[in-house]
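Undergrad: Chains as they are written, first to last, in the numbering used here: chain A, 10 to 78; chain B, 223 to 505.
By construction, these hints were calculated from the structure, which means they are not laboratory data.
Where a beta carbon is used, it is the ideal one built from N, C-alpha and C, also for glycine.
Heads up, some of the hints might be wrong.
[Said to hold, decoys possible] Derived, one-sided and incomplete: chain A residues facing chain B with beta-carbon distance under 7 Å:
hint	residue
1	SER26
2	ALA29
3	LEU32
[Claimed, not checked] To give a feel for the contact side, a few chain B residues facing chain A, derived at Cβ under 10 Å:
hint	residue
4	HIS360
5	THR363
6	VAL469
7	VAL473
[Said to hold, decoys possible] Using C-beta positions, here's what the derived DEER-type ranges look like:
hint	chain 1	residue 1	chain 2	residue 2	range
8	B	GLU361	A	ALA29	40 to 48 Å
9	B	GLU361	A	LEU55	17 to 25 Å
10	B	PRO278	A	LEU30	16 to 24 Å
11	B	PRO443	A	LEU40	37 to 45 Å
12	B	VAL435	A	ALA29	47 to 55 Å
13	B	ALA406	A	LEU40	22 to 30 Å
14	A	LEU30	B	ALA266	32 to 40 Å
15	B	LEU386	A	ALA29	16 to 24 Å
16	A	TYR44	B	GLY263	31 to 39 Å
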Amino acid sequence: MASIPADSSTPVVLPVSKAALLLGLTVLVALLIYYFVGIDQGATSLFGDDSHVHEFVHDARHFLGFPCH
Amino acid sequence: METKLILRGALTGALGGLLAFVFARIFAEPRIQAAIDYESGRDAAQAALDEAAGRPAAAEGMEIFSRGIQANLGIGVGMVAFGLAMGALFAVVYTVSLGRVGRVRARVLALLIAGAGLLTMYLVPFAKYPANPPAVGHEETIGARSGLYLVMVAGSILFLLGALWLGRKLAPRLGVWNATLVAAAGFAVLTAILMAVLPPLGHLSANVNEYGVQATETPLPLKDPDGTIVFPGFPADTLFEFRFYSVIAQVILWGTIGLVFGPLAERVLGGAREGTARVTADA
């Protein structure tokens, strides 16, 4: 079998179907973090009418481009 | 293999967030403080106007975290966490793309996907709804603004996927170069249409009722009942610098992901390839 040129391409196809759970969980966790850094306790709130998360990451939220009060 | 890649993606993302934080701490925090000082001064002027008119003064918001916490720990944690999340998403896209996007080197693929991340998660939404420092943005519209911003994020991701699909479909007929150009033009046109359809923030009904039709929520000069300006509008230089630094920080974050992840992935994939080669040689 001819060898694949070592660094000219990315022929390794990972079996996505097998890794679906891992990939799905990763996306879920990433989106949760995105939500807490960017949105929670502004427009919507998971922990009721409290603004600790919002106030703590306040500067990051502004600076990363998310809408803030 | 997938676990290795995702772990590396999350770590490079966190590293990118850390570097962006260092940049933010040095360059952005003074501008954020300037914006907060402007807000305090404006609130004081507004309170004086209210008092003169016999209106009850607006209640002051309670401070939960000190500025010291927000400006150091808070922004640091926020940016590293954001970087980690973006790095993880990046790694998922990278893993799925491997071997499915034609002949692209592992390093180049990392740069391309990081560029796509910067474009769709930040730059395109920024073009319509740019980052705002404190004091810019009305509390009443936070729900609408968050929704609109996320529509821009989701729209640009969707359009880029569409452009990718179109480009690959046209490539055999037009050649890769021309197919890419057509796909990019399609992306630009769809994005422009979405931007034209979504309202400017100043046109939200809550804002129109309160301030009349304005383009944005940037504070205008404060006037007394005679129309004399008693407090200036938001300083333009502070606004520009804040936004400019915001863009730079995102370039640092995604640039770190694209540049650092590539070689790491190459090593992971190289190891796998040697493994495969050995197996085939044995057979």
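Undergrad: Now tell me, hint by hint, if it's right for this structure.
TA: Checked hints:
At its closest, the beta carbon of A:SER26 sits 11 Å from a beta carbon of chain B; the interface hint therefore is violated under the 7 Å criterion. Among the interface hints, the one on A:ALA29 is violated; its C-beta lies about 10 Å from the nearest C-beta in chain B, farther than the 7 Å criterion. Annotation: interface hint on A:LEU32 holds; nearest CB of chain B at approximately 5 Å, less than 7 Å. Taking 10 Å as the C-beta contact cut-off toward chain A, the hint placing B:HIS360 at the interface holds, the least distance being around 8 Å.
The interface hint given for B:THR363 holds, since its Cβ lies 8 Å from the closest Cβ of chain A, which is under the 10 Å cut-off. About 9 Å separates the beta-carbon of B:VAL469 from the nearest beta-carbon of chain A, less than 10 Å, and the hint is met. At a threshold of 10 Å, the smallest CB-CB gap from B:VAL473 to chain A is about 12 Å, leaving the interface hint violated. Distance hint check: the CB atoms of B:GLU361 and A:ALA29 are about 42 Å apart, consistent with the given range 40 to 48 Å.
Take B:GLU361 and A:LEU55: their Cβ atoms lie about 19 Å apart, and the range 17 to 25 Å holds. Restraint check, B:PRO278 to A:LEU30: a C-beta distance of roughly 57 Å breaks the suggested window 16 to 24 Å. Taken as a hint, the range 37 to 45 Å holds for the pair B:PRO443 and A:LEU40, whose Cβ atoms sit roughly 41 Å apart. Take B:VAL435 and A:ALA29: their Cβ atoms lie about 49 Å apart, and the range 47 to 55 Å holds.
A C-beta distance of roughly 27 Å is found between B:ALA406 and A:LEU40, which places it inside the suggested range of 22 to 30 Å. Separated by about 56 Å at the C-beta atoms, A:LEU30 and B:ALA266 break the suggested range of 32 to 40 Å. For the pair B:LEU386 and A:ALA29, the beta carbons lie near 21 Å from each other, so the given range of 16 to 24 Å is met. Range check, A:TYR44 to B:GLY263: about 34 Å between beta-carbon atoms, so the 31 to 39 Å window is met.
Comparing the model with each numbered hint stated earlier shows that hints 1, 2, 7, 10, 14 do not hold.
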